[in-house]
Structures are given as C-alpha cells and as structure tokens.
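So the protein sequences, as listed, match chains A and B.
When the first sequence is numbered by my numbering, its final residue is 341 and no position is left out of the sequence of numbers.
When the second sequence is numbered by my numbering, its final residue is 341 and no position is left out of the sequence of numbers.
Treat the hints as calculated values from the structure; they're not laboratory data.
In this text, a Cβ means the ideal position worked out from N, Cα and C, and glycines have one as well.
Any given hint could be a false lead.
[Claimed, not checked] If you want the ones that stay clear, here's a sample from chain A, every Cβ over 12 Å from chain B, calculated:
(1) GLU113
(2) THR161
(3) GLY200
(4) PRO219
[As the list claims (entries may be wrong)] Derived SDA-like pairs (lysine to any residue); straight-line CA-CA distance at most 20 Å:
(5) LYS150(B) - GLY52(A)
(6) LYS150(A) - ASN8(B)
(7) LYS150(A) - ASN56(B)
(8) LYS150(B) - ASN8(A)
(9) LYS150(B) - ASN56(A)
(10) LYS312(A) - LEU107(B)
(11) LYS150(B) - LEU318(B)
(12) LYS150(A) - ASP49(B)
(13) LYS150(B) - VAL54(A)
(14) LYS150(A) - LEU51(B)
(15) LYS316(B) - PRO326(B)
(16) LYS150(B) - ARG65(B)
(17) LYS150(A) - GLU50(B)
(18) LYS150(B) - PRO55(A)
(19) LYS312(A) - SER328(A)
(20) LYS150(A) - PRO10(B)
(21) LYS150(A) - VAL54(B)
(22) LYS316(A) - VAL329(A)
(23) LYS150(B) - GLU50(A)
(24) LYS150(A) - PRO55(B)
(25) LYS312(B) - VAL325(B)
(26) LYS150(A) - THR11(B)
(27) LYS316(A) - THR147(A)
(28) LYS316(A) - LEU167(A)
(29) LYS150(B) - ARG9(A)
(30) LYS150(B) - PRO10(A)
(31) LYS150(A) - GLY52(B)
(32) LYS312(B) - LEU107(A)
2 protein chains.
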Amino acid sequence: MPEQTAANRPTLEAVAARAGVSRATASRVVNGGAGVRQPLVDKVRAAVDELGYVPNHAARSLVTRRHGAVAVIIAEPELRVFSDPFFAQQLRGISRELTANDLQLVLLWVEDESDHGRIARYLAGGHVDGAIAFSLHGDDRLPRLITESKVPTVLGGRPGTEAGPALPYVDTDNRGGAREAVRHLVSLGRRTIAHIAGPGDQTSALDRIAGYHDVLIDPDPELLREGSFTEESGARAMAELLDRRPGIDGVFVANDLMALGALRVLRERGLRVPQDVAVVGFDDMEAVVRASDPALTTVRQDVEGLGRLSVKLLVKLLSRPTGRVPASVIMPTNLVRRASA
Amino acid sequence: MPEQTAANRPTLEAVAARAGVSRATASRVVNGGAGVRQPLVDKVRAAVDELGYVPNHAARSLVTRRHGAVAVIIAEPELRVFSDPFFAQQLRGISRELTANDLQLVLLWVEDESDHGRIARYLAGGHVDGAIAFSLHGDDRLPRLITESKVPTVLGGRPGTEAGPALPYVDTDNRGGAREAVRHLVSLGRRTIAHIAGPGDQTSALDRIAGYHDVLIDPDPELLREGSFTEESGARAMAELLDRRPGIDGVFVANDLMALGALRVLRERGLRVPQDVAVVGFDDMEAVVRASDPALTTVRQDVEGLGRLSVKLLVKLLSRPTGRVPASVIMPTNLVRRASA
DNA sequence: CACTGGCCTGAAAGCGCTCTCACGCTGCCG
DNA sequence: CGGCAGCGTGAGAGCGCTTTCAGGCCAGTG
Chain A
1 MPEQTAANRP TLEAVAARAG VSRATASRVV NGGAGVRQPL VDKVRAAVDE
51 LGYVPNHAAR SLVTRRHGAV AVIIAEPELR VFSDPFFAQQ LRGISRELTA
101 NDLQLVLLWV EDESDHGRIA RYLAGGHVDG AIAFSLHGDD RLPRLITESK
151 VPTVLGGRPG TEAGPALPYV DTDNRGGARE AVRHLVSLGR RTIAHIAGPG
201 DQTSALDRIA GYHDVLIDPD PELLREGSFT EESGARAMAE LLDRRPGIDG
251 VFVANDLMAL GALRVLRERG LRVPQDVAVV GFDDMEAVVR ASDPALTTVR
301 QDVEGLGRLS VKLLVKLLSR PTGRVPASVI MPTNLVRRAS A
Chain B
1 MPEQTAANRP TLEAVAARAG VSRATASRVV NGGAGVRQPL VDKVRAAVDE
51 LGYVPNHAAR SLVTRRHGAV AVIIAEPELR VFSDPFFAQQ LRGISRELTA
101 NDLQLVLLWV EDESDHGRIA RYLAGGHVDG AIAFSLHGDD RLPRLITESK
151 VPTVLGGRPG TEAGPALPYV DTDNRGGARE AVRHLVSLGR RTIAHIAGPG
201 DQTSALDRIA GYHDVLIDPD PELLREGSFT EESGARAMAE LLDRRPGIDG
251 VFVANDLMAL GALRVLRERG LRVPQDVAVV GFDDMEAVVR ASDPALTTVR
301 QDVEGLGRLS VKLLVKLLSR PTGRVPASVI MPTNLVRRAS A
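Using the sequences provided together with the hints, build the complete structure.
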C-alpha cells in the first residue's frame with residue numbers, strides 16, 4: 001500500500017484505471033459486486049488492495065443521502081451519571097449493537113435547555129440517519145424537539161406525558177418488576193411493606209411505585225418515601241421511614257444504590273436483615289450488589305440489553321417504509337433471590 | 001418555515017434564487033458573509049430563515065475536506081469503566097470542549113484487539129478531522145495503529161513504551177502528586193509508609209509508584225502492593241499489608257476507590273485513622289470522598305479539565321501547519337487535606 | 001441465419017457545496 | 001477624460017461517488 005496522506009488518497013477513478021474498468025464497475029464491486037462478472041470483480045478487488053483505497057464517505061452520503069451514523073442523546077443534567085453505572089452500561093449496549101450494524105455513534109450530551117438549540121440544529125442538519133435518546137426526565141421538552149426534527153428516533157425509557165407525539169421506546173418492565181418484588185415480600189409474610197421510590201420526574205420511578213400499589217392496595221401513605229437514586233438519599237429515606245413507622249418489616253427500594261444506603265441504616269439501628277426487615281432492590285447492578293451486606297435480593301433488569309434493543313428497534317425503524325412506526329418494546333425483569341429477602 | 005422532510009430540504013441554490021443572488025454569494029453569506037455588501041447579506045439571511053435552510057454537511061466536507069468531527073476512542077476492555085467515575089467525567093470534559101469548538105464527538109469503544117481493524121479502517125476512512133484516545137493500557141497497540149492512520153491525535157494519559165512514535169498527550173502530574181502525598185505523610189511524622197498501587201499496565205499507576213519512590217528512597221519492598229483501582233482490591237491489599245507489616249502508620253493509596261476499601265479494612269481491624277494509620281488517596285472523586293469515613297485526604301486531579309485540555313491540544317494540532325506536533329501537557333495536582341491524614 | 005432478450009459494462013448526469021477566476025462597476029489619479 | 005486599481009459578484013469547474021440508461025455482446029430460438 002503506497003504511502004499516503006489525507007490529501008492524496010486514491011479515488012475510485014484511480015482504482016478503475018488500475019483495474020482497467022470504468023468507475024461504475026469499480027463502484028459496483030466496492031459495494032458488493034452484484035452483477036459484475038468474477039474476473040472483473042477480482043481485478044477491482046486487487047486494485048483496491050494495491051492502492052489502499054477507502055471510499056470517501058462524504059461523497060457517498062452526498063448521493064445516497066445516508067450517513068451510517070446515529071446520534072445518541074444523553075439528557076443528563078445532573079452529576080448522577082457519574083456515580084450510576086446505569087448510564088455507562090446502557091451506552092455500552094448501544095455502542096456494541098451499533099457496531100454490529102456498521103453504524104457510527106455520534107454522542108450528543110445535553111446538559112440543560114440551553115443545549116436544545118444546538119441539538120435541534122444538529123438533528124435538522126441531517127448528519128445522522130437516526131437518533132437514540134435516553135435518560136429523559138419528566139419535564140423534558142427534548143422528545144418534542146426530536147419529533148419536530150423528523151429524524152427517526154427511539155427513546156430509552158418511557159417518556160413522560162410531555163412527549164406528545166408518540167416516539168417508539170424501549171423500557172424495562174418497571175411496573176411488573178416492582179410487583180414481583182413486593183409480592184415476594186408478601187410471600188415472606190411481611191405485613192408492613194414500605195417503598196423507597198426514585199425521583200418523581202422519572203417514569204421508571206413512577207412505574208415502580210405503580211407496581212408497588214398494584215400489590216398493596218391502598219397502603220399507608222407514610223410507607224412511601226421519595227429518594228433520588230443515590231445511596232445517601234436511600235439512607236435518609238430509610239431513617240425517616242423507621243422514625244415514623246417502627247413496625248416496618250419489609251422494604252422495596254427502587255434501585256440498588258438506595259438499597260445499599262437503606263441496609264446501612266438498618267444495620268446502624270441494630271435491625272437484622274432479613275429477620276427483622278426484608279429488603280428488595282431493583283437493577284441488580286453487579287458492583288453494588290457485591291458491596292452489599294447481606295447480599296441484596298433484587299429485581300434484575302438487563303441494562304445493556306436495553307441499550308442493544310434500542311438500536312435494534314431503530315434499525316428496524318430505518319429500514320421501514322416511512323410512516324409506520326414499530327411498537328415500543330418492554331423488557332422483562334426477574335427477581336434474583338439472595339440473602340436480604 | 002415550510003414543512004420539509006429529509007428528501008426535500010432546500011439547497012443553497014434555492015436560497016440564492018429566493019434572495020436574487022448567485023449561489024456563490026449565498027455561500028459566502030452562509031459562511032460568515034465576508035466580502036459581501038450588507039443589503040445582499042440581509043437578503044440572503046432572510047431567505048435562509050424563510051426556507052429553513054441548513055447546509056448539507058456531506059456536500060460541504062466533500063469540497064472542504066473537513067468534517068467538524070473528532071473520534072473519541074475509549075480503550076477500556078474491562079468493566080471497571082462502570083464503577084469508576086473517572087471515565088464519564090473525562091468524557092464529559094471532552095464533550096463540553098468539543099461542543100465549544102463546534103466539533104462533533106464520534107465515540108469509538110474498543111473492547112479488545114478484535115476491534116482494532118474496525119478502528120483503523122474508520123480512522124483511515126477520513127471521517128474525522130482528529131482523534132482523542134484515552135484509557136490506554138501499557139501493552140496497547142492502539143497508539144501505533146493510530147499513528148499509522150495519519151489522523152491527528154491526542155492521547156489522554158501518557159502512553160506506555162509500546163507507543164513508539166510520539167503522539168502528544170495530556171496527563172495529570174501523577175508523579176508529582178504522589179510525591180506530594182508521601183511528603184505529607186512524612187511531614188506528619190509517619191515512618192512506615194506503604195503504597196497501594198494501581199495495575200502495572202497503566203502508566204498513571206507506574207508514575208505514582210515512581211513518585212512514592214522519589215520521596216522514600218529504597219523502602220521495604222513489602223510495603224508496596226498492587227491493586228486494580230477497585231474498592232475490593234484496595235481492601236485486599238490493605239489486609240495483606242497489615243498482615244505482613246503490622247507497624248504501618250501511613251498509606252498512600254493510588255486512587256480514592258481503593259482508599260475506601262483500605263479505610264474499611266483499617267476500621268474492621270480496629271485501627272484508628274489517622275491516629276494509628278494515616279491514609280492519603282488520589283483523584284478527589286467527589287462521590288467517593290463523600291462516602292468515606294473519616295473524610296479522605298487525597299491528591300486532587302482535575303479529570304474533567306484533563307478531558308477539556310485534550311480537546312484544546314487537538315484543536316491546536318489541527319490548526320497547525322502539518323508536521324509540527326505541539327508538546328504534551330501535564331496538569332498540576334494539589335493535595336486536599338481532610339481528616340484521614 | 002436473422003432476431004430477440006438478457007446480462008454486463010461504460011458514459012454521463014448529477015448529489016450540494018466551495019472557491020477560483022473573470023468581469024463589471026465605481027472612484028480616483030494623471 | 002482616459003486609464004487603472006480595487007472591490008463585489010456571478011459563472012462554472014470540480015470535490016468523489018452512485019445510479020440511470022443506452023449499447024454491446026452472446027446465447028437461444030423460430
């Protein structure tokens with residue numbers, strides 16, 4: 001392969017000349033070689049190798065109007081993203097699946113509403129074939145913005161009511177998972193079951209509350225405390241719960257990190273888990289569960305799978321005759337029984 | 001703005017026609033308007049607004065040979081990336097600074113060597129103007145691969161010796177920071193100072209060891225244990241150290257997460273921090289430090305700043321007449337004194 | 001043996017933009 | 001009053017690729 005810089009990269013023209021064919025034929029070979037006789041295919045392939053030819057992407061998208069790239073929009077204004085592996089794990093699933101589909105990942109990080117203009121402009125600019133947005137919050141006007149940009153998009157997580165026009169989404173079966181968790185506590189004979197919920201601006205938190213209510217019809221409202229998905233907030237919520245309702249014998253915590261905080265407080269107060277209080281978390285985050293003592297019983301969700309699935313759905317959306325929007329997908333959860341309940 | 005889909009987006013031609021000027025003039029206005037008289041500038045601007053014109057990126061890069069995009073290569077085969085906020089924080093710095101420079105972020109996640117071909121092909125494909133690679137490991141052949149691709153690149157973190165041809169890098173002053181940490185322990189009158197190091201395949205870990213040795217000439221080799229930057233491994237290392245050298249009265253731990261593990265073991269063994277054993281960490285990760293008890297004294301490094309700096313360096317590199325490579329940059333650290341030492 | 005049809009191949013037309021170059025106009029100087 | 005800068009504008013080439021369309025070739029058929 002000859003020495004080359006960005007400036008003197010060989011063009012398809014050069015490949016064609018070297019192979020003794022027309023540019024059209026060279027192009028056909030580079031794009032799979034359908035309808036070209038074998039001898040010519042071989043010649044072109046050889047020329048490509050000898051010259052180290054790589055297609056010019058810009059020229060190609062100019063005519064095909066496709067870019068082989070997907071925007072991944074992370075709407076996470078808070079720093080939580082750093083302490084919660086959820087984010088990175090989902091991103092990894094997305095990255096892997098995009099790679100498998102030969103798509104590039106353009107990362108758009110939205111910190112606050114001042115970024116919305118930039119995002120809208122970028123999407124409208126037609127740089128990407130599609131988009132995936134995740135970590136949305138309830139009051140987020142992003143889904144609307146995205147809808148207006150007309151870029152095929154899949155959301156990670158059920159959007160709030162603000163979303164307006166329906167974009168397809170992938171989500172964990174938060175409600176079903178929560179039901180399973182609470183039912184498990186009930187099956188252990190627990191009578192006073194509290195719930196430490198996530199922040200009310202996230203549908204995942206709301207859905208888990210709904211699941212809790214599905215099982216425990218009309219529970220004491222004092223048994224429900226809202227945290228912010230951090231260990232600290234879980235500890236605080238647990239402390240408050242114990243202060244108000246000392247008789248609690250079971251807690252369903254909306255994520256593992258908060259459950260860790262709850263376990264700490266229970267330990268500090270001399271309550272035994274699970275004998276005195278049984279605890280069930282949500283997520284089954286390996287790093288967190290490993291750190292917990294006793295080992296945390298929790299609702300497992302496949303976060304990386306969620307990321308992969310969002311890409312699969314998008315790919316389907318892209319290949320579909322315009323207009324038809326595929327249905328959203330809900331991923332099942334399963335309860336992982338360990339020591340805490 | 002008229003209703004439009006990807007297919008019928010207005011072109012510069014349309015803008016020019018509407019403004020009653022030539023395409024060339026319209027182009028000049030869209031690109032800043034230098035050398036065009038005000039009345040025409042206004043007319044074109046108006047036409048752009050009325051039509052909702054957005055330049056076609058592919059067409060533009062086809063002629064300018066620039067893409068306004070930078071590849072960010074994360075070489076992190078391990079899952080550590082999920083538990084260590086280091087990664088996300090650096091990425092955020094990069095993202096912010098790229099945005100400030102009107103550059104897009106194309107994320108390339110390298111899981112193992114089987115991805116190298118894909119990365120090389122992508123870089124060689126000339127899709128991006130430059131690249132930033134971070135989280136490199138000692139035996140990584142990635143720097144070499146990147147060098148061969150001829151894409152201007154900045155490394156996050158000093159590369160190992162494998163790197164071969166010098167690519168500019170940004171890094172924290174790991175060695176200086178380590179010196180500062182150990183000197184602080186010495187100044188507290190500590191005589192038997194251990195070091196829990198990071199994995200030997202990362203230069204940051206090696207540099208911190210070097211800093212330790214800078215201050216403690218020829219220390220007992222048994223005082224040095226290697227961890228893997230996880231809390232778990234820090235705990236294990238601490239336990240082993242105490243088993244072998246019960247007289248330890250100071251520990252410099254190569255990152256905060258491992259320090260957390262070390263603190264836990266010290267507490268479990270009934271040793272008081274800092275009275276019996278003084279502990280200094282490295283990173284000053286907010287989430288980790290907040291969780292530590294007692295509050296961790298640590299060497300602060302500005303991880304987000306590191307990310308931003310890598311972009312700044314790359315931008316400089318891109319604007320520079322080819323050939324001249326700007327010097328690498330080392331960011332200073334500072335010791336944050338809290339309760340643990 | 002002429003004709004038809006199918007299969008390959010190449011010529012050429014763009015995709016939407018930038019940028020060079022030439023041209024026209026204005027104002028100033030000799 | 002002719003000539004000459006100098007500025008602003010437009011015509012047009014061309015970036016590298018895909019894709020249509022016409023034409024050439026060959027085999028099979030009447």
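A quick look at each hint next to the structure:
| no. | hint | result |
| --- | --- | --- |
| 1 | GLU113 | holds, 15 Å |
| 2 | THR161 | holds, 26 Å |
| 3 | GLY200 | holds, 23 Å |
| 4 | PRO219 | holds, 31 Å |
| 5 | LYS150(B) - GLY52(A) | holds, 14 Å |
| 6 | LYS150(A) - ASN8(B) | holds, 12 Å |
| 7 | LYS150(A) - ASN56(B) | holds, 16 Å |
| 8 | LYS150(B) - ASN8(A) | holds, 12 Å |
| 9 | LYS150(B) - ASN56(A) | holds, 16 Å |
| 10 | LYS312(A) - LEU107(B) | holds, 18 Å |
| 11 | LYS150(B) - LEU318(B) | holds, 12 Å |
| 12 | LYS150(A) - ASP49(B) | holds, 18 Å |
| 13 | LYS150(B) - VAL54(A) | holds, 14 Å |
| 14 | LYS150(A) - LEU51(B) | holds, 16 Å |
| 15 | LYS316(B) - PRO326(B) | holds, 8 Å |
| 16 | LYS150(B) - ARG65(B) | holds, 15 Å |
| 17 | LYS150(A) - GLU50(B) | holds, 18 Å |
| 18 | LYS150(B) - PRO55(A) | holds, 16 Å |
| 19 | LYS312(A) - SER328(A) | holds, 11 Å |
| 20 | LYS150(A) - PRO10(B) | holds, 15 Å |
| 21 | LYS150(A) - VAL54(B) | holds, 14 Å |
| 22 | LYS316(A) - VAL329(A) | holds, 12 Å |
| 23 | LYS150(B) - GLU50(A) | holds, 18 Å |
| 24 | LYS150(A) - PRO55(B) | holds, 16 Å |
| 25 | LYS312(B) - VAL325(B) | holds, 13 Å |
| 26 | LYS150(A) - THR11(B) | holds, 18 Å |
| 27 | LYS316(A) - THR147(A) | holds, 18 Å |
| 28 | LYS316(A) - LEU167(A) | holds, 14 Å |
| 29 | LYS150(B) - ARG9(A) | holds, 12 Å |
| 30 | LYS150(B) - PRO10(A) | holds, 15 Å |
| 31 | LYS150(A) - GLY52(B) | holds, 14 Å |
| 32 | LYS312(B) - LEU107(A) | holds, 18 Å |
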